Each structure stands twice: as C-alpha cells, then as structure tokens.
Amino acid sequence: MEYRELGNSGIKVSAVGMGGEYLEYTDRDTVIRTLHRAMELGVNILDIFMSNPEVRTNIGLALKGRRGDMIIQGHVCSVWENGQYARTRDLGKSKLFLEDLLERLQTDYIDIGMLHYVDTAEDWKQAQESGVLDYMLKLKNEGRFRMLGVSSHDPAVAMQMVETGLFSVLMFSINPSFDLVYGRRDINDIFENDDIPDHLNIDADRARLYALCEEKDVGITVMKALGAGRLLRAETSPFKVPMTVNQCIHYALARPAVSSVLIGAGSVEEIEEAVAYCDATEVERDFTGIYGHIGAAEKSCLYCNHCLPCPRHINVAGVTRLLDEGRIGMTAAIRESYAALDAKASACVECGACEKRCPFGVKVIKSMRDAAQMFES
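Numbered continuously in my numbering, the sequence shown closes out at residue 470.
Simulated from the structure, these hints should not be mistaken for laboratory data. Just so we're clear, the structure is a prediction, and the values are computed from it rather than from any experiment. The beta carbon of each residue, even a glycine, is placed where N, CA and C say it ideally should be. Certain hints may be false.
Said to hold, decoys possible - Here are the simulated lysine-lysine pairs, DSBU-like style, with alpha carbons at most 35 Å apart:
1) K188 - K233
2) K231 - K309
3) K459 - K437
4) K309 - K105
As the list claims (entries may be wrong) - Label pairs and their in silico Cβ distance ranges:
5) K231 - A304: 30 to 38 Å
6) Q466 - P404: 16 to 24 Å
7) R405 - K105: 40 to 48 Å
8) A440 - K333: 29 to 37 Å
9) G322 - A347: 18 to 26 Å
10) K105 - V334: 28 to 36 Å
11) E365 - S470: 36 to 44 Å
12) E192 - T381: 44 to 52 Å
Work out the full structure, taking the sequences as your base and the hints as a guide.
Here you go:
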C-alpha cells in the first residue's frame, strides 16, 4: 500500500481508502469481514457520511479494539429522519447525530470532522449562521475532532471553502467524466510534450481548485472515482468504452493535492479489487485510451441519494440503479429487486425537491416516470 500526506495534517493515509456507503446495504457479518480485510490490506481511512443507525453500529463493531488502525472521516449535518438519510443545518439535529456517530462507533473522537455537502453559497451561509461551524470549531479545540474537512461537488464553492483556511481536508468528486471539457476532441498527441494541462482539457474551475488545494496544503479525499460504476461499463460511460478500477483510481491519484481515493466497497471482493491497484502495472493503470472517445455526456445518476429525503419515501438511487440495469438488459432478478422496494417509482408526486438537491443535475422526475413505465405498466 502507498501512503500519502493528508494535506498539512501530519497524518499519512492510504492512497486507496474506503467509502462506507455500500456497507449500508449489507449485513453485519459482511461489514465486519469487509472492514477487517481492508485493514489487513493496509487501508487506513474510511468515510462515514451515512446516518443510518444500523450501519454505524456495524462499523463500530468492526472497529472494536482497532480504532487506532482507521482514520475516520465523519460528517456533521447528515441525519436520519423518518427512516431515511437527510441533510440539515439545524444545530440541534447536527449535534444529536454527531453524538450518535461517536456512541455507535464506540469512540470519543473523530479524526476528520467533515462539514457535510456544501455546494452553494447558501449552504455555507447556513452552516455559519446556524452555529454548526462554531460547534465544529469547538469540537476541534476540545480534541474531539483532530482536524476539520468539508465535502463538496462544486469547484467554485469548494475553492471558497479552501480559501477560508479552516479546513485541512476537502472531499471532492473526481473522475475523468467530471473533469474533462467535452467540446475538444483532437487530443491524440496528449503526452507528446510537457504541456499536459492544455491537452487534457480539464475544466478550468476544477484545475484551479486542485492547484489551490496544493498551494494551501489541503488534502483531497476523492469520492465518485468510479462514477458509481458507470465508468466501468461501455453502455453507461460517456466515453463509450469501459474503464477499469485501476484506471479510475490512477486518474484521481494523478490530480494535484489528492491524498486518498475512497472506493465504495460493500464486500471483501470489492475492497480486494480496489487495493489490487497497488500491484497493478503502469500499463494496467494507463487511462489515456479514453481520450479518443470523448463526446457529449448526459448527466447521469451516481446513486448517492443526496437527493433525499423523499416525501413519498422513494429510494431514488435504488430505483434509478434498477432502471439503468434494466436498460442494459432486463432480468427476472432485476424485476424481483424492484418488486421488493417499499416505495415504487409511481409514488412520485413530482414535487421536484429531489432535483433541487441533486448535485449532478439529474432529471430525477423523468427517471421515476421511466422506471414506473418499465416496471409497473
């Protein structure tokens, strides 16, 4: 395993880290086995944005007696309401669910206290005016947070956060489909000289963000490196060719200031596949083959459920994932999985709240209509 400095924190983190989201959808034994295997392989950083009490408890059991082996990136303002994840800037709720996280993890500190999901100037304003930011600073001064971080999907807003000097860590979504400007295709000579930034056609705001993090010594922990798996399949990739896990990880690690790529893993096999990057050859890591396939890309669901809560309790990510799988090739298992959902797509009242929350501009209402047509007509 390769270890990298986490910004100016003095801490070294594994280049391949773990996102905990998919642990929410598996049983306790699998959570424990997956995390134990991750630590055996040298993974030492885990993101926990999930507010689901059960998965928090399961992670706590997995880390029992081994708390010092894992750097926890824990989120403030992620809460559990009416049986589903929600975001808030309410100070009371934020305190309640941070204390819940500490209790369920059986620990008295969080390594990286993350201000959850700041994508707009209004988000940042609310975090300050509600007292959430002061609360986080207080926890840092008390030693309950070793450092502060912030998660964002928007490069302009993320730059504002980095400029404050308050945060040692930025959690940001990085993969080639997010970074590249799709209008320019003549890049076959990409590595013929050292003028790489011009040939890469990286979005200007994203390039400035990565450079700023490097300048300010803010470590980036990467989410969405695989594009929720969409980049791994030709049918769903905007490049129309599949990338490998190794290529996606290598792309993210090649960006300035990146400390760790957090791969969502819900099983031993998935974390083993991710960590295999460390033994991959340069040929296996090479991602430059995608550049000949760059074209206009539609905004696609990444199954993160940041669009929740839904007033009709629809699991938007779950429904959309089944819709996407059905489009590739319908099976009886896909139909059975849809039938088992507590709330179906047809329950959507098209209130639009989900689309306002989605950081990727996905047309959620249309997806719900399409899913209802596919599975219920």
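Would you list, in rising numerical order, the hints stated earlier that this structure does not obey?
-> No hint contradicted; all consistent.
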